[in-house]
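2 protein chains.
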Amino acid sequence: MNAQKKFEKIIKKNDSLVCLGLDPDLQKFPSHLQQSEDAIFEFNKSMIDATHDLVATYKPNIAFYEAYGIEGLKQLKKTIEYIKKSYPEIPVLLDMKRGDIGNTASKYAIAAFEYWDADAITVYPYLGYDAVKPFLEYKDRLVILLIKTSNPDSSMFQDMEAGGEPFYMAMAKKISKWPEDNISIFVGATYPEELKKMRKLFPNKFFLSAGFGAQSGQIEKAVRAGVDKNGGGIVFNASRSILYASSGKDFAQGAREEAGKLRDEINKYR
Amino acid sequence: MNAQKKFEKIIKKNDSLVCLGLDPDLQKFPSHLQQSEDAIFEFNKSMIDATHDLVATYKPNIAFYEAYGIEGLKQLKKTIEYIKKSYPEIPVLLDMKRGDIGNTASKYAIAAFEYWDADAITVYPYLGYDAVKPFLEYKDRLVILLIKTSNPDSSMFQDMEAGGEPFYMAMAKKISKWPEDNISIFVGATYPEELKKMRKLFPNKFFLSAGFGAQSGQIEKAVRAGVDKNGGGIVFNASRSILYASSGKDFAQGAREEAGKLRDEINKYR
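So the sequences go chain by chain: A and B.
Mapping to this note's numbering: the first sequence position 258 is 258, numbers consecutive.
Mapping to this note's numbering: the second sequence position 179 is 179, numbers consecutive.
Just to be clear, a hint being listed does not mean it is correct.
Unchecked claim - The list that follows gives simulated cross-link-like pairs (lysine to aspartate or glutamate, EDC-like), each with its CA atoms no further than 20 angstroms apart:
#, chain 1, residue 1, chain 2, residue 2
1, B, 77, A, 71
2, B, 174, A, 114
3, B, 177, A, 8
4, B, 78, A, 165
5, A, 133, B, 140
6, A, 177, B, 71
7, B, 133, A, 49
8, B, 173, A, 114
9, A, 173, B, 53
10, B, 13, B, 228
11, B, 177, A, 71
12, A, 174, B, 38
13, B, 173, A, 71
14, B, 9, B, 53
15, A, 74, B, 114
16, B, 173, A, 153
17, A, 177, B, 161
18, A, 174, B, 153
19, A, 174, B, 159
20, A, 177, B, 53
21, A, 229, A, 71
22, A, 78, B, 71
23, A, 173, B, 71
24, B, 177, A, 15
25, A, 74, B, 159
26, B, 174, A, 159
27, A, 9, A, 161
28, A, 74, B, 71
29, B, 9, B, 38
30, A, 173, B, 228
31, A, 261, A, 114
32, A, 74, A, 114
33, B, 74, A, 140
34, B, 74, A, 114
35, A, 77, B, 228
36, A, 174, B, 165
37, B, 174, A, 15
38, B, 174, A, 165
Don't read these hints as lab results, they were simulated from the structure.
In this text, all values refer to a predicted model and were calculated from it rather than measured experimentally.
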């Protein structure tokens with residue numbers, strides 16, 4: 001089954017557009033977990049077991065594992081293997097934000113799709129088509145191109161005027177001509193107007209979005225802007241607000257409640 | 001000692017602007033090495049021992065290690081530790097091409113400068129200042145911003161017209177106003193005109209360049225375009241042409257000869 005179908009199926013089954021970002025931060029873990037040798041894996045496993053019927057995908061951001069070095073990456077490996085074994089219907093979206101010239105990009109693609117076995121990954125398109133192609137050659141996986149990021153300074157370069165429109169838009173228009181079916185689009189949920197424009201340009205592509213805060217108003221705007229004509233075709237990431245909803249022994253239950261609340265809030269506007 | 005000074009010192013001592021890219025590819029290794037459990041480290045060690053008086057820096061591209069998974073990254077760790085212990089005067093330039101929003105960028109910065117202990121790394125500036133700042137906070141390390149890449153399709157987005165000039169130039173002009181001293185610049189050696197413009201905009205910054213082929217004419221153009229007013233301030237990467245100069249038992253000697261030839265060829269035009 002190709003990755004886009006896998007996403008569509010679980011979105012329907014769990015009636016959810018929630019992407020849970022598995023971004024571990026040992027200092028925020030419940031104290032009873034902090035001593036464990038496999039603390040990160042055990043924390044992730046608790047999160048996964050508590051939310052597997054409420055989310056559409058798990059998105060580990062590899063930076064949070066690389067910060068703990070090779071030991072951290074071992075925890076990521078165990079986490080991905082656990083999802084694949086216990087909940088094979090849930091796609092793994094590995095947030096790597098990679099990008100390099102052709103020969104090197106093909107090495108990153110091996111890492112992403114063969115070693116980590118991710119269903120989808122994030123990639124910078126800034127280097128041009130020849131640098132993205134090695135990823136796109138894995139036709140059953142999704143390559144999510146970072147078009148417009150969620151951070152405050154994203155306008156600095158991404159909104160620079162390029163031939164009468166913002167740079168990110170000019171870039172997106174060229175990308176819309178690329179022939180591959182397994183292209184996917186990232187736009188920050190903090191920019192609902194831009195998200196709306198991208199949905200118009202890519203009506204049938206799968207989208208990833210992230211970065212909305214706690215305010216319901218922001219969620220409404222982003223969801224209405226981002227869903228496809230069937231009210232799906234996109235997932236919205238949340239990390240800390242779910243992972244660290246409770247810091248006590250009930251941390252998994254706290255996460256489950258937050259994930260459920262976010263699912264329901266998003267579903268109001270689909 | 002800050003990283004830029006470390007580069008300047010070794011450039012002078014070894015009279016070299018050569019950056020040796022440690023990009024291991026097991027299939028290209030001499031056959032007697034391929035069976036070893038630590039083949040990548042042993043290959044790298046041979047390269048380092050054979051060239052330490054001829055180069056200015058070693059640049060492992062982490063993609064080539066990630067492709068071998070956690071085992072590959074262990075070989076990278078051993079390689080960096082070996083350089084730091086045996087040749088502490090030679091800076092380690094870790095080519096990671098990372099970039100993410102603030103909170104996540106700070107995790108990549110921990111990985112780069114604390115776990116891997118790199119003297120310099122490569123970073124995408126495309127997300128804006130707030131995404132680069134967590135790297136720049138390591139004031140004794142160099143943050144090499146990818147302005148114009150060496151691949152054929154780099155013109156697709158990087159040369160898009162933005163306010164009457166190419167996008168990469170408009171981006172670079174904004175970056176030139178950033179206050180930090182530890183900013184460094186990457187421009188592909190395949191684009192000597194662009195390299196020349198960037199040297200003019202950043203007369204005192206340290207540069208990394210890469211991608212010139214075997215033709216002497218290309219080397220001459222890139223070197224003349226990239227050096228600072230003292231004939232230094234830049235390193236030029238070569239990987240495969242040195243690493244795999246010979247595939248026999250004399251592979252280290254073959255690499256030494258190629259590195260020496262490249263050093264001398266570059267020095268003709270400084």
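Going down the list of hints, with the structure as the test:
1. B:77 - A:71: 12 angstroms, holds
2. B:174 - A:114: Violated. Residue 174 of chain B to residue 114 of chain A sits at ~39 angstroms, over the 20 angstroms cutoff.
3. B:177 - A:8: 45 angstroms, violated
4. B:78 - A:165: Roughly 48 angstroms separates the two Cα atoms, so the pair is violated.
5. A:133 - B:140: Status violated; Cα separation ~36 angstroms.
6. A:177 - B:71: 39 angstroms, violated
7. B:133 - A:49: Violated: residue 133 of chain B and residue 49 of chain A sit about 36 angstroms apart, past 20 angstroms.
8. B:173 - A:114: Violated - the C-alpha atoms of residue 114 of chain A and residue 173 of chain B are around 40 angstroms apart, more than 20 angstroms.
9. A:173 - B:53: Violated. Residue 173 of chain A to residue 53 of chain B sits at ~49 angstroms, over the 20 angstroms cutoff.
10. B:13 - B:228: Status holds; Cα separation ~17 angstroms.
11. B:177 - A:71: 39 angstroms, violated
12. A:174 - B:38: Given pair residue 174 of chain A, residue 38 of chain B is violated - Cα atoms ~44 angstroms apart, limit 20 angstroms.
13. B:173 - A:71: Violated. Residue 173 of chain B to residue 71 of chain A sits at ~40 angstroms, over the 20 angstroms cutoff.
14. B:9 - B:53: Within the cut-off at roughly 13 angstroms; holds.
15. A:74 - B:114: 18 angstroms, holds
16. B:173 - A:153: Answer holds: residue 173 of chain B to residue 153 of chain A is near 16 angstroms, not above 20 angstroms.
17. A:177 - B:161: Status holds; Cα separation ~19 angstroms.
18. A:174 - B:153: 12 angstroms, holds
19. A:174 - B:159: 13 angstroms, holds
20. A:177 - B:53: At roughly 49 angstroms apart (the allowed maximum being 20 angstroms), residue 53 of chain B and residue 177 of chain A break the hint.
21. A:229 - A:71: 43 angstroms, violated
22. A:78 - B:71: 15 angstroms, holds
23. A:173 - B:71: 40 angstroms, violated
24. B:177 - A:15: 48 angstroms, violated
25. A:74 - B:159: Roughly 40 angstroms between the alpha carbons, so the hint for residue 74 of chain A and residue 159 of chain B is violated.
26. B:174 - A:159: Holds, because 13 angstroms separates the two Cα atoms, which is no more than 20 angstroms.
27. A:9 - A:161: Distance ~39 angstroms between residue 9 of chain A and residue 161 of chain A Cα, so the pair is violated.
28. A:74 - B:71: The hint holds at about 10 angstroms.
29. B:9 - B:38: 32 angstroms, violated
30. A:173 - B:228: Violated - the C-alpha atoms of residue 228 of chain B and residue 173 of chain A are around 38 angstroms apart, more than 20 angstroms.
31. A:261 - A:114: Measuring from Cα to Cα gives roughly 35 angstroms; hence the hint is violated.
32. A:74 - A:114: 16 angstroms, holds
33. B:74 - A:140: Not OK: residue 74 of chain B and residue 140 of chain A at ~30 angstroms, beyond 20 angstroms, violated.
34. B:74 - A:114: 18 angstroms, holds
35. A:77 - B:228: 45 angstroms, violated
36. A:174 - B:165: 19 angstroms, holds
37. B:174 - A:15: 45 angstroms, violated
38. B:174 - A:165: OK: residue 174 of chain B and residue 165 of chain A at ~19 angstroms, within 20 angstroms.
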